[in-house]
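**Q** Each chain, letter by letter, is given below.
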Amino acid sequence: MATAALPTGDDYEGDYDFDDDFDDNFDDDEEDCICSSQTIFNDTIDYSHRNISKLDINELFASTKNPNCIKNFQLNSNMLLSIPSEIEHFQSLTTIELSNNQLVQLPSELSLLKNLKNLYLKNNFLDDLALPKEFEQLKQLEVINLGGNRLKQFPYQLFQMFNLKEIYLGSNQITFLPDLFHTLIKVEVLYLGGNQIGNVPDSIGYMRSLVVLNLSGNRLRTLPRSISRLTRLKSLSLHNNQFSALPPDIIRLDLQELSLRNNPLVVRFVRDLTYDVPTLKELTGRTIKFHKIPYDDRSIPKSLVEYLNSAKSCLNPKCKGVYFESYHKNIKFVDFCGKFYLPLLQFLCTPACTSAPTFQMTSSESDDTENIPTKDMTNKFKKVLLG
Amino acid sequence: MTETLNKSNEIQLIHKKSFDDNNNTSYLSIQPNSLDELIELLHNAFSTNEIDIDYIYTIMNNYKGTINEWLPYIKFQSDHYTRSLVDNGNGKFNLMILCWAENQGSSIHDHTNSHCFLKCLQGTLIETRYAWPTFEKTESMHIFNRVELTEGQVTYINDSIGLHRIENPSHTEKVITLHLYIPPFDHCNIFNEHTSCMNEIKMIFHSIREQLTRNE
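Line order of the protein sequences matches chains Z and B.
For reference, each letter of the first sequence is one residue, going 373 to 759 in our numbering.
For reference, each letter of the second sequence is one residue, going 431 to 646 in our numbering.
Same shape as in the complex, but just chain B (with noise of 0.2 Å):
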């Protein structure tokens, strides 16, 4: 199916019969043989503004890289997992790669209408679907889905599927996670397991294009 990017940034979904009958991807590889060959299909096919999210899943998919292609953008911390931007998409996607050492994860979160796309590019990580909240009354999240991740395997969400956490489960290895948001956002909504309440908060990088940003 593709999509548009318009103006809100709202979801439009279109549907299609299939992904390669006549649409803009038709032409490009599905084999992304680097890093740097991602990104370039990842630009091509964002050319127009059509996005054809079935394409996006089967390059991120095939993609499989080396870690001497990740280095660059890898950063353990004790206290937190890093974000650090790999490619700004010129404004259309963010390309990001996440390093979470042992048993780091994240709070539970929405996505701010945006596509998210996650690949497990080292060790094995563990994503928990949440519902919505109803906000009706304080109650503790309904959890609707687990699965681990391994190495390779790519997952798709949307905040009309609902919200995740994601996990790094082991207390001995290192998980490296690689990120697709379409289109960008800087923040988004944390959710409190217990007590269904929410809250905004501001994303940073730990590294922008390999450039250390200001500790915030």
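Okay, chain Z solo, but in the shape it has when bound (with noise of 0.2 Å):
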């Protein structure tokens, strides 16, 4: 059998005519790939840890016969501080693996690569700079890998990467997630610890096939209520951040594992100190919906009727009424499978809601006030790693 001896220098210049268009020569089917009768099996590229700083394409292009037979390139454990831009002629390739480089610039060219599925980046130090506005083209990219680098943004590329399923931003500066998720409806795992962010949009509800969300290592305070629509959730990593207490829609989520260490969590029952006095829009807007007066943008302009449509349901069941914009947060202690008391947030139209019963999540009811969850939801928290 024969192996696949690379050509010399004498060889390749003319193999290899860039000029040439390379999908003119080959079909694009890989069953009639030429490399099967070149007896190359190998569709990996292996240069990983091997200590060099630069990326001689030349040898590359000599390594192997047809650059569309290689899917795989192992380049990582270097020190790159790029790759050519002729990276563009392995057209085949579907896993670029150039994590623990030195990369502070990617070629634009990377987003030609219309197979490309993975993209391992991880440990370089890119800044939001690095990377072209044109890799919002890799729409069949399903992996990216950018943990450990030097953004601050949240890539904007990537809410235009319509396949993506795992995105890995850990260990990075992002201080601002922008509210745009809503494109990202195939992501499964969300990586975002160890970061400096300090809010997390509304848009994340639209997250719908997500599974896995890191928040770890943050500056969080709190979660948006939208949270609760990630039916797909099963693991939730709170810890090291600021939480003092969480949002009760916590509890609608299906999760195996949650984790809140290292978060200033409230041990005692806190009544809430401050509460804004309504304005009287929010209290004329509260009496209409109570006792709802209806109403349409023929009597009233069409901002108040979107104003009155924003109501939020008060928290508490036994109370009818609704909130704008002025609420009373209470913290409510609720027992988690048994084990310990977390504190979740409410938010109730006024301060009084509170002395009535807390909020059921189902139909039966409850004497006692701290006790929330039935028998039927402690089972869907199996696993809580908690302070």
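Don't take each hint at face value.
Unchecked claim - Facing chain B, from chain Z, some residues (calculated, C-beta under 7 Å): (1) Gly-542; (2) Gly-566; (3) Ser-588; (4) Ser-607; (5) Leu-637.
Said to hold, decoys possible - Computed list of lysine-lysine pairs in DSS-like fashion (alpha-carbon distance at most 25 Å, straight line): (6) Lys-505/B x Lys-537/Z; (7) Lys-604/B x Lys-606/Z; (8) Lys-604/B x Lys-537/Z; (9) Lys-558/Z x Lys-505/Z; (10) Lys-653/Z x Lys-606/Z; (11) Lys-632/B x Lys-606/Z; (12) Lys-489/Z x Lys-604/B; (13) Lys-505/Z x Lys-524/Z; (14) Lys-505/B x Lys-606/Z; (15) Lys-505/B x Lys-489/Z; (16) Lys-443/Z x Lys-558/Z; (17) Lys-604/B x Lys-524/Z.
If you're looking for bench data, these hints aren't it; they were derived computationally from the structure.
Cβ atoms here follow ideal geometry from the backbone N, Cα and C, with glycine treated the same way.
Taking the hints as your guide, dock the two standalone chains into a single complex.
**A** Set out below in structure tokens:
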């Protein structure tokens, strides 16, 4: 069986003419790939752990008869500062492993790799400007790992990559998440641990495929209520943050794992200290909703119709009240799986609503105001890692 | 020092002058060159009911190993660290490998009257040690030590020393650890850092001697 011999320097110049369109020469169907007749079995080029600081594109082309045979580039753990733009000629690439290098820039030609599914860029020196705008054209990308870089922003290009399944952005310097997560409907794993994020936007609730959400090691104090819409979420990591209480919506999730250690969780019942007196507009709105007074955009301005439609129900099930901007924050302790009392944050229309039994997830009456979840609910939380 | 495993598994410390003075393990090697050799040395060290804790510490420390040896026990899960039993020590000890994906950590836990040796095989982890709560009132637990364990390093703990939490501090790297428990235990107590509240839990293995266990 002939093995693929590396062409000498004299040979290759005749083989590769970069001006040729490779696609004209070979069938796109990989079964007709010419490499099978040249007995190249391996579809991987492995240059990992070689201490190389520059990738010699000539050597790269020389190591294979046909760049279109190569599906996998292992280039991790070197000292690469950049990669050559000629990488675009390896059109069959599905995986590029460039972790643990010294990359400060990436060529826009990477975006021309239409088969690229997995891009690993962990532990480099990439900042917000290092990712080319053209990256958003990588619509078939499924996994991207940008952990351990110098990103200060969530890369906007990712919101255009509609086939993304896993996003790893751990250990960067991201402070802000834009409210654009509604496009990431296929993402199953979102790792944002070890940044400086102060707030999670509402649109996170649109990520209906999310199974694993890691927000650990940030500056979070609260979560948006939309988190309760993540019906497939199984693992939620909130440890090492600034949570003093949690939104009660968390109970609606079907979590198997919840980590909360190292948060300044409130341990004693705390009465909210401030209660902003509602505006006249708020009070009027509440009255209209409570008494079910009909309204439409012929009787009142459209903006007021929208305002009235934005009313949120008081969490006290015995209260039919609603609130708009002015709500009373109450911390109620909920028994989680019979193990610990977790402080959950409730939004109620007035402080008076706290004296009534707290919100109930099922229709069963409970005398014990502290004990909220039913057995069915507690079984859903199989493992809770607390404190 | 040696100690005797008795039926009630209470910790009994017998002080000795030095560990190679007329003890059972003086004839044994202190340099295990493979995981299998480490297991063999452990079985030999446990051939009587007297265990030389210093010897155990030494061989755990000296064991160097390669990733190929640990491959059958390596499994990373996105929601929780995994525990894979390597050897059940004929009931006298349990040797296991734990795999910690990015930033995974344990609860604060005790060791059910057993000795615990922990060796870091790959990566860096943080061990935080807590004093036993007084249980007189609800208060947060007191940390008395916090160390970084790098590759190769071994730490030892038992209930008389205190409680601990183990964490992989990295958001980009995974950690692999080797644990030795003498005698084995399948349940322990976990503690809430804020309230000192204690609860008993049962511990499970992801795999036992390379056979995957049924998921609980």
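**Q** Compare the structure with each hint and give your call.
**A** Results of checking the hints against the structure:
no. : hint                  : result
1   : Gly-542               : holds (3 Å)
2   : Gly-566               : holds (3 Å)
3   : Ser-588               : holds (5 Å)
4   : Ser-607               : holds (4 Å)
5   : Leu-637               : holds (6 Å)
6   : Lys-505/B x Lys-537/Z : holds (21 Å)
7   : Lys-604/B x Lys-606/Z : holds (20 Å)
8   : Lys-604/B x Lys-537/Z : holds (20 Å)
9   : Lys-558/Z x Lys-505/Z : holds (22 Å)
10  : Lys-653/Z x Lys-606/Z : violated (41 Å)
11  : Lys-632/B x Lys-606/Z : holds (21 Å)
12  : Lys-489/Z x Lys-604/B : holds (23 Å)
13  : Lys-505/Z x Lys-524/Z : holds (16 Å)
14  : Lys-505/B x Lys-606/Z : holds (18 Å)
15  : Lys-505/B x Lys-489/Z : holds (23 Å)
16  : Lys-443/Z x Lys-558/Z : holds (24 Å)
17  : Lys-604/B x Lys-524/Z : holds (24 Å)
The structure fails hint 10 only (numbered hints given earlier).
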